[in-house]
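Asker: Listed below are the residues making up each chain.
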Amino acid sequence: MPLTQFMLLSAFLFCTGVYGVLARRNGVLVLMSIELMLNAVNINLVAFSAQLNDAAGQVFALFVIAIAAAEVGVGLAIVLLIYRNRVAVNLDEIDLMKG
Amino acid sequence: MLLATEAVTHAAGQAGISEQAWLIPLLPALSYVIILLFGKKMPKGGSESGIIAVGLSFGLAVLVAFDWVKNHAVVDQHWVWWHNGDFKITIGQHVDGLAAMMFVVVTFVSLMVHIYSTGYMHGDVRFTHFFASLSLFTAAMLFMVLADNLLQLMIGWELVGLCSFKLIGHWFEEKNNSSAALKAFFTTRTGDVGLMLGIIVAFFAAHGTFNIATINKMALEHEIGHGLLLAIATLLFLGVMGKSAQFPLHIWLPDAMAGPTPVSALIHAATMVVAGVYLVARVYGVFWEGFSIEAGGLNWMALIAGITMIIAAALAFVQDDIKRVLAYSTVSQLGYMVAALSVGAWTAGVFHLFTHAFFKALLFLGSGSVIHAVHSNNMSEMGGLKKYMPTTFTTFIIGTLALAGIFPLAGFWSKDEILLGASEGGYPFILTLGLIGAFMTACYMGRCVFLTFFGEYRGHGHPHESPRSMTVPLILLAIPSLLIGLINAPGILKFTHWVAFEPGVEHFHLEHHDFNPTLAGISLAVAIGGLVVSAMVYYWQNVPAGLRGATDRGALRSVKTLLIEKYYLDRLFVDGLVGFIKGPLARATYWTNQKIIDGIVNAVGIGTKIVGRFTYDILDQKGVDGIVNGIGVSASETGGVLRLVQSGRVQQYALMLFAAVGLLGLALIFFT
Numbered sequence: 013m014p015l016t017q018f019m020l021l022s023a024f025l026f027c028t029g030v031y032g033v034l035a036r037r038n039g040v041l042v043l044m045s046i047e048l049m050l051n052a053v054n055i056n057l058v059a060f061s062a063q064l065n066d067a068a069g070q071v072f073a074l075f076v077i078a079i080a081a082a083e084v085g086v087g088l089a090i091v092l093l094i095y096r097n098r099v100a101v102n103l104d105e106i107d108l109m110k111g
Numbered sequence: 008m009l010l011a012t013e014a015v016t017h018a019a020g021q022a023g024i025s026e027q028a029w030l031i032p033l034l035p036a037l038s039y040v041i042i043l044l045f046g047k048k049m050p051k052g053g054s055e056s057g058i059i060a061v062g063l064s065f066g067l068a069v070l071v072a073f074d075w076v077k078n079h080a081v082v083d084q085h086w087v088w089w090h091n092g093d094f095k096i097t098i099g100q101h102v103d104g105l106a107a108m109m110f111v112v113v114t115f116v117s118l119m120v121h122i123y124s125t126g127y128m129h130g131d132v133r134f135t136h137f138f139a140s141l142s143l144f145t146a147a148m149l150f151m152v153l154a155d156n157l158l159q160l161m162i163g164w165e166l167v168g169l170c171s172f173k174l175i176g177h178w179f180e181e182k183n184n185s186s187a188a189l190k191a192f193f194t195t196r197t198g199d200v201g202l203m204l205g206i207i208v209a210f211f212a213a214h215g216t217f218n219i220a221t222i223n224k225m226a227l228e229h230e231i232g233h234g235l236l237l238a239i240a241t242l243l244f245l246g247v248m249g250k251s252a253q254f255p256l257h258i259w260l261p262d263a264m265a266g267p268t269p270v271s272a273l274i275h276a277a278t279m280v281v282a283g284v285y286l287v288a289r290v291y292g293v294f295w296e297g298f299s300i301e302a303g304g305l306n307w308m309a310l311i312a313g314i315t316m317i318i319a320a321a322l323a324f325v326q327d328d329i330k331r332v333l334a335y336s337t338v339s340q341l342g343y344m345v346a347a348l349s350v351g352a353w354t355a356g357v358f359h360l361f362t363h364a365f366f367k368a369l370l371f372l373g374s375g376s377v378i379h380a381v382h383s384n385n386m387s388e389m390g391g392l393k394k395y396m397p398t399t400f401t402t403f404i405i406g407t408l409a410l411a412g413i414f415p416l417a418g419f420w421s422k423d424e425i426l427l428g429a430s431e432g433g434y435p436f437i438l439t440l441g442l443i444g445a446f447m448t449a450c451y452m453g454r455c456v457f458l459t460f461f462g463e464y465r466g467h468g469h470p471h472e473s474p475r476s477m478t479v480p481l482i483l484l485a486i487p488s489l490l491i492g493l494i495n496a497p498g499i500l501k502f503t504h505w506v507a508f509e510p511g512v513e514h515f516h517l518e519h520h521d522f523n524p525t526l527a528g529i530s531l532a533v534a535i536g537g538l539v540v541s542a543m544v545y546y547w548q549n550v551p552a553g554l555r556g557a558t559d560r561g562a563l564r565s566v567k568t569l570l571i572e573k574y575y576l577d578r579l580f581v582d583g584l585v586g587f588i589k590g591p592l593a594r595a596t597y598w599t600n601q602k603i604i605d606g607i608v609n610a611v612g613i614g615t616k617i618v619g620r621f622t623y624d625i626l627d628q629k630g631v632d633g634i635v636n637g638i639g640v641s642a643s644e645t646g647g648v649l650r651l652v653q654s655g656r657v658q659q660y661a662l663m664l665f666a667a668v669g670l671l672g673l674a675l676i677f678f679t
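As given, the protein sequences belong to chains P and C, one line each in that order. The numbering used here applies: residue 13 is where the first sequence begins, and numbers increase by one. The numbering used here applies: residue 8 is where the second sequence begins, and numbers increase by one.
Where hints are given, some of them may not hold.
Said to hold, decoys possible - With the C-beta cut set under 10 Å, the calculated list includes, among others, these residues of chain P facing chain C: (1) 34; (2) 47; (3) 99; (4) 103.
Hints are computed from structural coordinates only; laboratory data are not their basis. Being a predicted model, the structure only gives us computed values, none of them experimental. Yeah, the Cβ is synthetic: ideal placement off N, Cα and C, and Gly gets one too.
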C-alpha cells in the first residue's frame, strides 16, 4: 500500500482532533480529541516503520499509547474533580488562571 | 602579631654568667617600679632599693667582666619580641668587651652617685622620685649597652634622654631649671631625627635587619655601597652630635647643670653623653667605611670633634660657675673621644671614655661637695676651701690632675693614646688640636682649683666638710682615677686585649699603637705648662705688668665677650632660630592658615556643596530615580499589555500554540 493513504488518514484524524480541542466546550470531549491527535501520530509512526522496515517507529508508537493512557487517566481525574467542585465541565467557565 | 619566646644563641665556647647579663639592666628597672610603688613607705625613702639594685648590678657586671677576660666568649642572644609575617622584631643581648666595660663603668658610677645622693639630696621634697628616676636612668643606659640591634639601642637611647629630662628639671619650680630640661630634651631630639633616619636607612641597606653585628659585617665586607654608608654614618652622627654634645648641638650640656649635682655627675660620666660615643664605637663598621677613616687627612666626624675640643675648652675659661667649667670640660673631652674614634683609634676612644667616667664623676661629686658647703655655684664666692674640706680638696686635686693628663694618672694614658692614634692614623689636624686642647684643659682646670681651694674664703658662713655618705664615694672614685690608666700602660696593655673592636671580618684589622715616649713627653710638658700658666695668673698672681688686665683691652676683650656670650650660639639658636619660628614664621603660618588653608577649606566646602546639589537635583532625582521609576513603569505597562493574553481559557492558549506551530511549519516549508 502506498504511504500517502496512511498519511492522508493520519492528517484527517489530526485535524479532527485539533478542531475538537479548539472548538468543543466539554472537557471530556477535548480529552478525546487529544487522543485522536495522538493516534493520528501513531498511525504515521507505524506506517513509516513498516515502509522503512525499522522497528523503532513501532516501539515509539507503543510508548505513545502508554503515555496517552496515563495522560487520559490524569486528565479524566482532573475533569472529574472540576465537575465535583463546579458541577460543570465547560471549559469556557473554567478561567481561574486569568491574569 | 603574636608573642613568641624563641631564643637564638650563638655563644662561642661556653659562656657562664655572661648569659645572665640581661639581669644587669633589669634590676635597676625593677627598683624603679618598687620605688615608685613603695618608696615613700620605706624607712629611707626608697634610696635603699636603688642602692641595693645598682649594687647587685655592679656585682654582676664585675662577674661578667671577669668572665669575659677569662673566656673571651661573645654572648649573642635574642628573643623574638613580636613578629608580623616574616618580619621579626627582636630584643637581645650582645655581651663583648665593650659591653662588659660599659656595664662596669655605668653601674660603678651610678652606685657612687646613689650613695652620694643620700647625703646630697637629704631632705629634698622629691627625694623618692629622684631615686626612682636615677634607677630608671641607670636601667635605660644599661639596656642600651646590652642591645644587639639598633632598634633596642634606640629605645634605650630615648629612655636615657627622657630620664635626663626628668632629672635636669628635678627642681622644676624655677623657670630656669624647667627651661634647661626642655632645652636638653629638644636639642638632643633634633639630633635624634638623624639617628632615627639613619637606623631606617641602615635597616633597608642591610636587607631588613637591625642586628648591629650583621650591619657591621656587611659594611666592612662592602656589601653596602659606600654612598649609602656615608648617608647612614652622617645621619647616625647627627644623633651622636645631639647626645654627646658635639658642636654645634653642645649648647644643652652646660644648661643641664640646672639639675642636682649628682645627676650632672651621672649624665657627664656614665650615662647620657657617653651614649653617643658608645653608638659610634658599637656601629664602628659603618663609620669606618662611611667616613673612610682609614684614608687619613680629615673627615666630617674628625672636623666636628676637633672644633668641639677647642671651642668648649675655650668656653671653660670664662665661666664663674664651677659646674659649668666642668660641663664645658666634658664637652671638650667628648670631643677627644669622638676624635679618637674618627681617626681610627677605637681602643683609645673607648679607653678615654672609661677613664674619663671615673675622674669626671669624681670632679662633679667633688664640686657638689663644695657647693653643698658654701651654698653657691660661683667660684667668686669660694676660695681657701683647702683647709676647711681636706678630703674634698685631695680627691678634687686627683681628679684635676687625671683630667689634665699628668703622669701616671688615668687621663694621661688615655689622652696620650688618642694623640698617638691621631699621629699614626695620619690626622695631623687632630693631633695639633689635641695638644692645644690638652694645654687648655690643664689651664682651665688649674684656674678652677686655684679659685676654689686656694687664697682667701670669699663667701658667706662657715664652710664645713661634707658628711661621710658624700666623701666615701669621692674616695672610692679617686682610687680608679689614680690607678685605672695603668691597665693600658706599656708592658701591661691589658685593656687593648680586653676591649677591642672585632667584627669577625677576615681582612679587617684595627691597628693599635703602643706607647710613644716622645709624644707622651710632649703632652705631659704641655699639660704641666698649662697648670703653671694658670698658677701664675691665679695663685702667684705674677702676671707681667704689660699683660695685666689684657683681657679687658683691645682685641682680647672682644674674644672674652665672644666667649662669655658662648660664641653667640645660644643667641643664634634662641633669637635667630626660635625667634624666627616664633615671630615671622608664626605670622607667616597664621597668614597661610587664614588665607590659603582656610581658602582651600572654604573652596572645598563650597565646591562640595555645588557638586552635592548637582548630584541631588540632576543625577539622583532625575537620573537615577528616573531610571528606577522608568524600569518600574515599563514593567507595569508591559504586564498590563501581557495581562490581556492571559485570559485563563485553555482553548485560547491551545489556539495560540497551534497557530505558532502552524507558522513554524510554514516557515520550515518556505525557508528550507
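Asker: Taking the hints in turn, state whether each one holds.
Answerer: Here is what the structure says about each hint:
no., hint, result
1, 34, "6 Å, holds"
2, 47, "15 Å, violated"
3, 99, "19 Å, violated"
4, 103, "6 Å, holds"
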